[in-house]
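Student: Just so you know, the protein sequences line up as chains A and B, in that order.
Residue 30 in numbering that gives the first Met the number 0 sits at position 31 of the first sequence, with consecutive numbering throughout.
Residue 118 in numbering that gives the first Met the number 0 sits at position 119 of the second sequence, with consecutive numbering throughout.
Keep in mind that the hints were calculated from the coordinates and are not lab data.
Because the structure is a prediction, the values reported are computed rather than measured.
Take these hints with a grain of salt, some might be off.
Because identical chains share one entry, a pair is satisfied inside a single copy or across any pair of copies.
Unchecked claim - Derived lysine-lysine pairs resembling BS3-like cross-links, with alpha carbons at most 25 Å apart: (1) 1 with 113; (2) 57 with 1; (3) 57 with 113; (4) 117 with 57; (5) 1 with 117.
Listed here are the chains, written in short residue letters.
There are 2 protein chains.
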Amino acid sequence: MKALILFGHGARDMRWREPFDRLAALWSQQIPSTPVELAFLELMEPSLENAIGLLCAKGATSITIVPVFFGQGGHLRNDFPVLLEACRRQYPDISLSATPAVGESETVLQAIVKFGIKHL
Amino acid sequence: MKALILFGHGARDMRWREPFDRLAALWSQQIPSTPVELAFLELMEPSLENAIGLLCAKGATSITIVPVFFGQGGHLRNDFPVLLEACRRQYPDISLSATPAVGESETVLQAIVKFGIKHL
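Using the sequences and the accompanying hints, generate a full structural model.
Tutor: This is the structure we're talking about:
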């Protein structure tokens, strides 16, 4: 079974995660057959490792990880590949793949332009 | 004249800003009558203050600032209002307004869901 992880940075302020919770809820409404979990690089739970564990427990065998970051800096270029490799070693029977950061998506950028126009 | 600032966090890795540059380019193509500048909270230039200065020099009198952040944590709830207030004192003749973070936009979240579906 396929599953999805929305992977964000994390922050000290718990309210920071609200759009991530909303994102997971939108996903669950629209693609209920593909379980989704959030995961955070730091400061918030669950970690990537724990989110994979949660999805495994639901029967996931193939997990797509979507980095919900705009830019690809040190976190995605350095920290994330190391983390992903450690998770692959820990879950050798699970297929783990990662998409580019959502900031690479023209559709996402266009949605931001629309948001700016609306508020002009 | 109205103008727009796309305000991001900033990062050490210069490649981090690529989606921001793309965003500003999309804006300029689609709304060429409203000048746009990027601005960064830290680690990258220009600062918010300097971006406002650049737009003033182009004749802007009313500037909308779009925080290109997903979540609203300490940076947007604490640092940004202080920064905005300091900019208002520095540019008393410019009308400065700020939108919510782009992560509050349903259209942006929906675009991320679409991106996830495409990569499933």
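Student: For which of the previously enumerated hints does the structure constitute a violation, in increasing order of number?
Tutor: none
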